[in-house]
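Given the coordinates of chain E, work out where chain V should sit on it, guided by the hints.
Going line by line, the protein sequences match chains E and V.
Each residue of the first sequence is one higher than the one before, counting from 1 in this note's numbering.
Each residue of the second sequence is one higher than the one before, counting from 1001 in this note's numbering.
Calculated from the structure, these hints are not laboratory results.
Worth double-checking, as some hints may not be accurate.
What the hints assert, rightly or not - Derived DSS-like pairs (lysine-lysine); straight-line CA-CA distance at most 30 angstroms:
{"#": "1", "chain 1": "E", "residue 1": "K207", "chain 2": "V", "residue 2": "K1097"}
{"#": "2", "chain 1": "E", "residue 1": "K289", "chain 2": "E", "residue 2": "K303"}
{"#": "3", "chain 1": "E", "residue 1": "K752", "chain 2": "E", "residue 2": "K700"}
{"#": "4", "chain 1": "E", "residue 1": "K207", "chain 2": "E", "residue 2": "K323"}
{"#": "5", "chain 1": "E", "residue 1": "K289", "chain 2": "E", "residue 2": "K335"}
{"#": "6", "chain 1": "V", "residue 1": "K1286", "chain 2": "E", "residue 2": "K840"}
{"#": "7", "chain 1": "E", "residue 1": "K686", "chain 2": "E", "residue 2": "K717"}
{"#": "8", "chain 1": "E", "residue 1": "K840", "chain 2": "E", "residue 2": "K402"}
{"#": "9", "chain 1": "V", "residue 1": "K1097", "chain 2": "E", "residue 2": "K289"}
To be verified - Not close to chain E: a few residues of chain V, all C-beta gaps over 12 angstroms, as computed:
{"#": "10", "residue": "A1076"}
{"#": "11", "residue": "M1100"}
{"#": "12", "residue": "V1121"}
To be verified - Listed next, the stretches of chain E that the computed footprint assigns to chain V, with coverage defined by at least 3 CB atoms under 8 angstroms from CB atoms of chain V:
{"#": "13", "segment": "795 to 807"}
{"#": "14", "segment": "825 to 831"}
C-beta: ideal position from N, C-alpha, C; glycine also.
So you can see what is in the structure, the chains are spelled out below.
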Amino acid sequence: MQLLIDLRDWLLQLDSMKCRAVRFFAVLFLIVGAAEGLRGVPVSKRDAAVGLGKLVPLHQVFAEIESLIKGGRLPEAYPLFERALARMAQGEPLPEGVIREKLLLLAATAALRTGNVVQAATWAESARGGADAGRAAETQRDATWILALARASQGQFKEAVGLFGALTSATAYHDRAWLYRAMAAQQDGQAEVAKEAYHRHLALAPKDEAWADAALAVIALHLDASQIDEAQRGLRLLREGAAPVDNQVGLTLLSLRLGDACLAAGDPLAAGMAYRTLLPLAELQRVQKERDQALHERWERAKSRSPERPAEADAARQLEDRKQRIRSAVTELEKITDYDARILSRLGSAFQQRGKAWEAALIYERLTTRYPQAPDIEQAYAGLILAYAESGRIEKAVLAAKRIPRTNDPTAALAPALTQAAIKAQEKKSTASSLELVDLALQHSPSVELRETLLLLQANAFFAQGSYGDVRSTAENYLQLYPQGRYAEDATYLKVMAGLLLGPATRSLEEIQDYLARFPEGRFVADARYRWAAAEFSVKDYAKARERTELWIATFPADHPQRGEVFSLQGDILAAAGETESAIASFENALLCPLADDGLGHVLDELTRLQMERKEFAAASERWEQFAEKNPQHPFAVNAAYWIGRICLREGEPEAGLAKMASIAKRSVADPRRDAVERMLLELAKVMVSIQAREKRESKGTGGAGRQPLSEEDAWKRRVSELLLPGVLANAPTAQARALFVEAEVASLLKKPDHRDRCFAKLAEVFPPAVLPAGLLGRVGDFLTQQGQAGRAEGFYRELVEREPRSLFADFGYVGLGEGAWARGEYETALALFDAAIDKAGARFKLKEATVGRARSLLALERWDEAQRVFEQIASNRTWRGEATALSVFALGQICEQRGGPDSLAQAHAHFQRVYVGYRRFVPWVVRAYLQSAMILEKLGKRNEAVATYQELLRDERLVTLPEAQEARKALLRLESMSTGEQQTTTG
Amino acid sequence: MCFDYHVRDSNVTEGTAVVLRRVLRWVSMVIGVTLPLDGVAQTYHLRDGRILLAQQVQVRGDQLVQRVADGASGGAEIGYPLSQVSRLEWPEPDVLKQAMLEARAGRWESAMRAASEVSAVFEPFGKLPGSWWVPAEILRLKAALALGLQVQAVEVERVVERAPDEPTRQTSYFLLAWVHVRDGRVREARALLSDTRRIPVNAHTEAEAALVWGELHERQQAPEAALESFLRIPVFAPWRDDLQPRALLGSARAYRRLGDEDRCERAVIELTDQYPHSREAQLAQKEFNL
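Bound-form chain E, shown alone (with noise of 0.2 angstroms):
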């Protein structure tokens, strides 16, 4: 009877402690937590002794019970309960001190303990039900515990949702009460209220491992019901540490719901932050092991203190609780088959939705290196290869397609992203790996409609290719199989254009006609009628093409893009039939249309040549003008300085050609950036010397009277500053740097290379890099290199490349760059610098030495087979012949060399030969294939040839005093000694 007062008071004092945790585990001394309960009590000795059946004072009863609640065995006062509260149903009267509430209240937790959850239920109402003066409130609350807890037990979630519920605004039970009013309501479906509980409970419960339990929970329900934001912001505090997780799996299905999730609701950016959160399988394994082993010396511990506390039983049900909710997701993760694959696939996915290409590139790189037997691994190469073609790498996006290892697809990506990778290949102009795309993507079992599209962009890819053959059989094959197509009329134009270019024009006339009978208001009628007229000009029916033509521009309206281009055929035409006036004003028409650059190119080229026929200069050196001052930048303002230039020295006025060259060169002369300049001022030099030598014979003629030459330096400086540096541009660096390449060019011209050094040498010393233009710091960093300053040179080229990588002076210094990388044996850098000057730049001025570069490079890199084919172009490209051709030849004769085997050393020596007896200036090579030439020669056993050639080597004059002269004389007194011996042997 104490006891239960004491029991009382102490709930009492848990309230003034306001310890949450202990309360928790107070409370829970109460009620049972989980469901193993205990077993039934057998009839102790004990029930023996206060006699089973006899009626012993309740007193008694209550004192031995009293005796098992401090001894820790609550559960086997249950009987006790049982009989005691039955006689008193039966009128017994309680003992004096003895509450019946309190009695009922322990009675409940003693049944609930025991597994009596209908008995508990019971008791713990009519504890509900009844008075307790003065702790009605108290009473109450412990009793809903009680039932609320006996409810859940029984099932009987949503009268235990209630329950909790009426318990969360009590200080002493509101967290828990907040957590099984989640949880009984998460059984009974009610998701929100479960939500609403659960955040409550997290709100006020501590931030620990079963905090994080809790959180797991919502952060599924939350996914359940699509809310993704919510499922989110619970994640990201749970990875960044909010709360230990020990349920590391469980985080981690959550976190792969939540990207599936997000990439379905159309959020990659979401899916791909949820799913990079995810670690591969093994990493997950390691992580979660250790976690459990830590959990699991948690669980011990709890287990091992007194197990009959009901706070530490607690504690260990909770653990115990936990690992199996681990393994239950263990369980779930096993069975994804090929965990990693599937991931790497989702953020693949989610990479390549956001646009990221070249991140998409790098995770379907691996997923289909790693994982080659990965299910679905189609749709893996389909991404890999859309990922390289949208980041503008058709090569590799080609060498992945080829890499598919099978050709059904039971995804049907393939097709549709080999498509896609074949338009891009297209739009980059890589003509070859588009027809490769396409044939890989007819390949792989494409839909009809995808076939069509195939088809027509196969054609396009040959026509651009220049493959006009293979366009026509194309079109023809499409226009066999969909003669009603989507794409008939392009199908059936591209074959019409192919013929025109590969003729003969009278074939090209009837399937124009055809075509615009078929078509009479198809999309290309206007392009078909002006085709039209130049196929009547191609066969000389110039009075039809004419008609044409002015059919065309009296039909067609007069901003029509192709206007400019009918008129400019108009003027063709007409100079054809002699025509010239009307030829000249056709063409003056056409300038008034937009054209396109080749178009103005040839309307200026013959409006001017036709000009320069009639003898009107000035009309056409003043239509240069025109043009130069509108587009000071267009590459054919330098066609207008030459043209003004010669124009100007034909009428016999070059100093009036010179004054308007230099006035349209003034006004970019300042500006690093513009790039025309430096190639209109090479002309101007042209002019200049021009100007000097007519200067020259003229002075000749009147004795040396008349005009100083420009022959004295200080003449041409001057002539050059009035020229290019009036005013202010005097000041400008970039203009001044540019005077002095005028300087220098008209040196170089005048074969005075000592001057023309120093215009350089001065360049590179007075003037930063970043001042000057892009035609110049190559030129500068050329002139450094042969001086042997490098080092120097390389600050030049590099200011080149990083300030105007694709300039059309740029493979200045890629070029400049890849040889200083050559020299320093970084030949993979020399490589892509190499490549770079013929990729990026266009290597306009450099090929010759980017390719033999390249092709150096391959070669140190041991990549014979492609070193061979760029040495077999050079050696093969008459323009480049020289040092080149014997570099590339000797070349060719080391790859075949190291491939060894008799027929390939024939092939070498046969390679050296044509060096030292076709390329006898080149010295260095000369020498060098002599001394290859013979060793080879040794390796044959032609050991009299190779002695004979080391022999020749060895009379040249221009060569015995190189080191290789004395390899072979070495070469000599070895195989001297060798026959000598072998001598010795067979006489001997």
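Here is chain V on its own, set in the frame of chain E:
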């Protein structure tokens, strides 16, 4: 009801909180190296089996000096040569933990300061088991490189020699390769990186290798290879906050070299938005005229 509700900070003003954090940080650094953690003593184990508590001895020159109890003579000292120490038993210094946090957050200056302190303390004990010199020194060197300071190859080679296990040796080799790249010794760097023994053992070292490869390719003007290397970090190691700024700057530069201005701009924006106080963000603002 949302998750943020659960983790709201108290209403301390930002300035006060910052100052308080800094003061506490430095105080803990001062004591963190020297005072033992609760329950874990810092001890020196000598070759002859004797054990000395750190609080009983002082490192003086090349000796551990123990002051014995004051007697009539006024006290005496016993010196134990450092060469007699066979191992240390020493919990991870708080200062080093803090330094690692600073590094992870990209605060390289404070990371370097803290790591230098620890490195100096454990320097006499070099590669002895239990010594924290190697991790401290690795962190110090990483911070120096991240700050663009000069690092000598010989400093890293010392770490390589003293690395106690394979992952640490890996990391030090990558550091050494990084130094070679910075100094223009591209061949040496490439040789180190290409050696098959350097195949990264886990995602952590893989990210470090990717960074050094990125640096190498950037130096060699190979933007495509540089971009692929730098992007491995945000793609496969997004948790490496310490490496992201450099990776983003490197990728922006590479995109520009490749002529993809759109992606270049996005990378720069990502860098300046997510790591606004990093050195790389400041470089990007100058380089890309923001």
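Verification of the hints:
1. E/K207 - V/K1097: Distance of about 23 angstroms is within 30 angstroms: holds.
2. E/K289 - E/K303: holds (21 angstroms)
3. E/K752 - E/K700: The hint holds at about 21 angstroms.
4. E/K207 - E/K323: Cα-Cα ~19 angstroms, so holds.
5. E/K289 - E/K335: Holds, at roughly 18 angstroms.
6. V/K1286 - E/K840: Since the Cα atoms of V/K1286 and E/K840 sit roughly 26 angstroms apart, the hinted pair holds (cutoff 30 angstroms).
7. E/K686 - E/K717: holds (15 angstroms)
8. E/K840 - E/K402: With a Cα-Cα distance of about 26 angstroms, the restraint between E/K840 and E/K402 holds, given a limit of 30 angstroms.
9. V/K1097 - E/K289: It holds: about 24 angstroms lies between the C-alpha atoms, which stays within 30 angstroms.
10. A1076: holds (46 angstroms)
11. M1100: The assertion about V/M1100 holds, with a minimum of 15 angstroms to chain E.
12. V1121: V/V1121 is indeed farther than 12 angstroms from all Cβ atoms of chain E, at 29 angstroms.
13. 795 to 807: The restraint on the segment 795 to 807 of chain E holds, since 3 of its residues have a Cβ under 8 angstroms from chain V and three suffice.
14. 825 to 831: holds (count 4)
In the structure shown, no violation is registered for any of the earlier numbered hints.
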